[in-house]
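Chains as they are written, first to last, in the working numbering: chain C, 102 to 519; chain A, 102 to 519.
FYI, nobody ran anything at the bench for these hints, they're computed from the structure.
Incorrect hints may have been included.
Identical chains share a label here; the pair holds if one copy fits it or two copies do between them.
Below, simulated DSS-like cross-link-like pairs (lysine-lysine); rule was C-alpha separation at most 27 angstroms, straight line [unchecked claim]:
id, residue 1, residue 2
1, Lys486, Lys199
2, Lys199, Lys467
3, Lys103, Lys282
4, Lys103, Lys467
5, Lys282, Lys345
6, Lys365, Lys345
7, Lys274, Lys467
8, Lys371, Lys349
9, Lys486, Lys349
10, Lys282, Lys188
11, Lys467, Lys486
Protein chains: 2
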Amino acid sequence: MKAVVISVGDELLAGEVADSNAARISARLTEEGVEVTSRHTVGDRLPDLTAALQAAVPRADIIVISGGLGPTPADLTRQALAAAAGKPLIRDENATLKLREYFAARGRIPAESNFPQCEVPEGAVLIENTCGTAPGIFLEWNKSLIFALPGPPAEMREMLERAVIPRVRERVKKEGGGKRKTRVLRLAGIGESNAAEALGNLIRLEGDSLVGIYASTGEVRIRLSSRGAGAGERLTALETEVRKRLGKHVYGTDDETLEAVVGKLLRERKATLALAESCTGGLIASRITDIPGSSDYFAAGIVAYANEAKIRFLGVPAGIIREDGSVSEECARAMAEGARARSGADFALAVTGIAGPGGAKSAPEKPVGLVYIAVADFSGTVCEKHFWPGTRDQFKQRVSQLALDLLRRRLIRIAHRA
Amino acid sequence: MKAVVISVGDELLAGEVADSNAARISARLTEEGVEVTSRHTVGDRLPDLTAALQAAVPRADIIVISGGLGPTPADLTRQALAAAAGKPLIRDENATLKLREYFAARGRIPAESNFPQCEVPEGAVLIENTCGTAPGIFLEWNKSLIFALPGPPAEMREMLERAVIPRVRERVKKEGGGKRKTRVLRLAGIGESNAAEALGNLIRLEGDSLVGIYASTGEVRIRLSSRGAGAGERLTALETEVRKRLGKHVYGTDDETLEAVVGKLLRERKATLALAESCTGGLIASRITDIPGSSDYFAAGIVAYANEAKIRFLGVPAGIIREDGSVSEECARAMAEGARARSGADFALAVTGIAGPGGAKSAPEKPVGLVYIAVADFSGTVCEKHFWPGTRDQFKQRVSQLALDLLRRRLIRIAHRA
Chain C
102 MKAVVISVGD ELLAGEVADS NAARISARLT EEGVEVTSRH TVGDRLPDLT
152 AALQAAVPRA DIIVISGGLG PTPADLTRQA LAAAAGKPLI RDENATLKLR
202 EYFAARGRIP AESNFPQCEV PEGAVLIENT CGTAPGIFLE WNKSLIFALP
252 GPPAEMREML ERAVIPRVRE RVKKEGGGKR KTRVLRLAGI GESNAAEALG
302 NLIRLEGDSL VGIYASTGEV RIRLSSRGAG AGERLTALET EVRKRLGKHV
352 YGTDDETLEA VVGKLLRERK ATLALAESCT GGLIASRITD IPGSSDYFAA
402 GIVAYANEAK IRFLGVPAGI IREDGSVSEE CARAMAEGAR ARSGADFALA
452 VTGIAGPGGA KSAPEKPVGL VYIAVADFSG TVCEKHFWPG TRDQFKQRVS
502 QLALDLLRRR LIRIAHRA
Chain A
102 MKAVVISVGD ELLAGEVADS NAARISARLT EEGVEVTSRH TVGDRLPDLT
152 AALQAAVPRA DIIVISGGLG PTPADLTRQA LAAAAGKPLI RDENATLKLR
202 EYFAARGRIP AESNFPQCEV PEGAVLIENT CGTAPGIFLE WNKSLIFALP
252 GPPAEMREML ERAVIPRVRE RVKKEGGGKR KTRVLRLAGI GESNAAEALG
302 NLIRLEGDSL VGIYASTGEV RIRLSSRGAG AGERLTALET EVRKRLGKHV
352 YGTDDETLEA VVGKLLRERK ATLALAESCT GGLIASRITD IPGSSDYFAA
402 GIVAYANEAK IRFLGVPAGI IREDGSVSEE CARAMAEGAR ARSGADFALA
452 VTGIAGPGGA KSAPEKPVGL VYIAVADFSG TVCEKHFWPG TRDQFKQRVS
502 QLALDLLRRR LIRIAHRA
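Here chain C stands alone, though its shape is the one from the complex (with noise of 0.2 angstroms):
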């Protein structure tokens, strides 16, 4: 089962908005076992979006479009399905009801450019949009399914869902193909192409069982997928042979973050947490707290980017930063150690380095990209030294990456408290 999914407008192409319907899309199908084989994204012309259609309908099982089928005059994708298919526009009585009604019960009357969203090819069938007023419609064509749906994220949502799943689900189970199942595995403090030489022979697999290698700032993720009859236990071989090779940079699965994990570990050790960041700004503070419920471990961050901060909020002593700087492992495990003692946390976590770009505190002996980072215990602080110069984003992203790991690997050594 191959689909292929358009989207359909200029201020996409335009890149004004991002294309959150396709990436919706693409994940919905795939989880019900199609393979998305291609996206097309097209402007508001008519012939753009029928030449799409047309080439897509011998390639595709099934076809999902969205947008285009608003009120106004750049609204084309009826009209594209119409000449695609070689049929006429029919008007659908009974949407026109529904469209008076719908105007209706908010006071208001519809514009006469409303009703031309009545209309649909011959032969095919309008699906109810229950949070808009434009209706989706559904096409046979070919033995390919074609679903278009509206433009709108929360009215794509709900018709894709209600209308389009169950219809893709009975086709899946007709062609006797099986689910995929598919399991991401995340990794920090290894790159792709050390991740990649470790995994070997594995991401070359071909057929039912996939391993794939994606990277981003910080992270590394590894997808296994794998579809058909004991598709769940390939799956969990290829986990185990993964976590064999990879295991101790492997720090969560699918969709947990660094910071939900570290959170995680936290609330069962039943410990709290105080962040002292300066090269960060914050980034990690925000980060932790972006987990709901983490006030119950997170006692407080500071923000110390001046050395004056360092002193007053940290108790950094001056003479360190005086003598070795504030970029410097003293300084590092001084301001864990003060953040650990003057919030009362169990756990503290600090960063200091230079995010660049220039800057005064950036020498020869201090270059852009160098970072310590340290984390205080009750049984003592250990610090760690990495250099990543990169943009300013990308270093603070990073170096945030960096620093929940290492709280991580300190949180995973101690066992639960009791």
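Starting from the known structure of chain C, arrange chain A on it as the hints suggest.
Same frame as chain C, but now just chain A:
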């Protein structure tokens, strides 16, 4: 000048990540006066990628590909370019050297799998990657300019600006294409429908000058564009008219963020800033420190999530928390005044509210979405109350926007200090 944008990756087709690269590339090409006529997303399969390239070349002056340049066997953009253009792949010795240097600078040795990244189709040019290991590729073929950029967004963006846009600009100039001039006005403290109402007939303009209105969490953007002779003058006239209607809400233009505007105002006034954050959990500090050079004016930030932290680090009287609660005007004022006094900063911004979902803090009279924002400076303290229920992410983002906007309004009241 027409362009096609191609995104590569199974991860995109499975809907596991949003395709932010395609939106960014589209937006930048549009700004340079190039019309993006279609976008295509293909998986990690050589025939699909080669076919997409071959289909694009006769239709586009410019083709930008992102993804598929990494070190794994699933990275096939190099091979697809070579196959589509009918050229062999050749190793670039200079790039090989640069790769070794990149790893050496980080105290590491490249894996064997990294070296194929240094191969290019004969006649193509490698584009240096200044913030990652995978170089880009530039190829002129049948009069089309083809650029292949790495998938990680930070690397893609840097390379897009440095190596793609200048070549595109040169070609646009040579072809005599009229650049579309655009100007974006950024607004805070007003919703999309109210802004649209104030603009009235302006957003119905057609032809050479266009006015678009876009919204995201805590922000409305008004996009003005014009092309052809006199575009600059028409744009200025449009901007004047929009500012007449909505000027007090306009905080910046084009790419200016609220944190950049606030930073500029602080710098001009030679003033320093302290932050006391509860419900935004460090997001405001992180936004302030996203600006290079913010260490010049950012004194310190306290993320006082727990009541204990508000007392210890900010000196909020325990009586206020006991009697008025931690989400109250009294507490917000005490947090701002405490942060200002303890940090020695000129301005202090404080937020305290209920992000939700649920949580011990909420109550009938203190619902999720309630927030108090205070600014303390030499003239005293002001406090605003807002109510914006939403998801946790939306709440943090919107409150950080409201808070920075209040600070901006306080700053513009005050003339430059001598």
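Hint numbers not upheld by this structure, sorted from lowest to highest:
4, 7, 10
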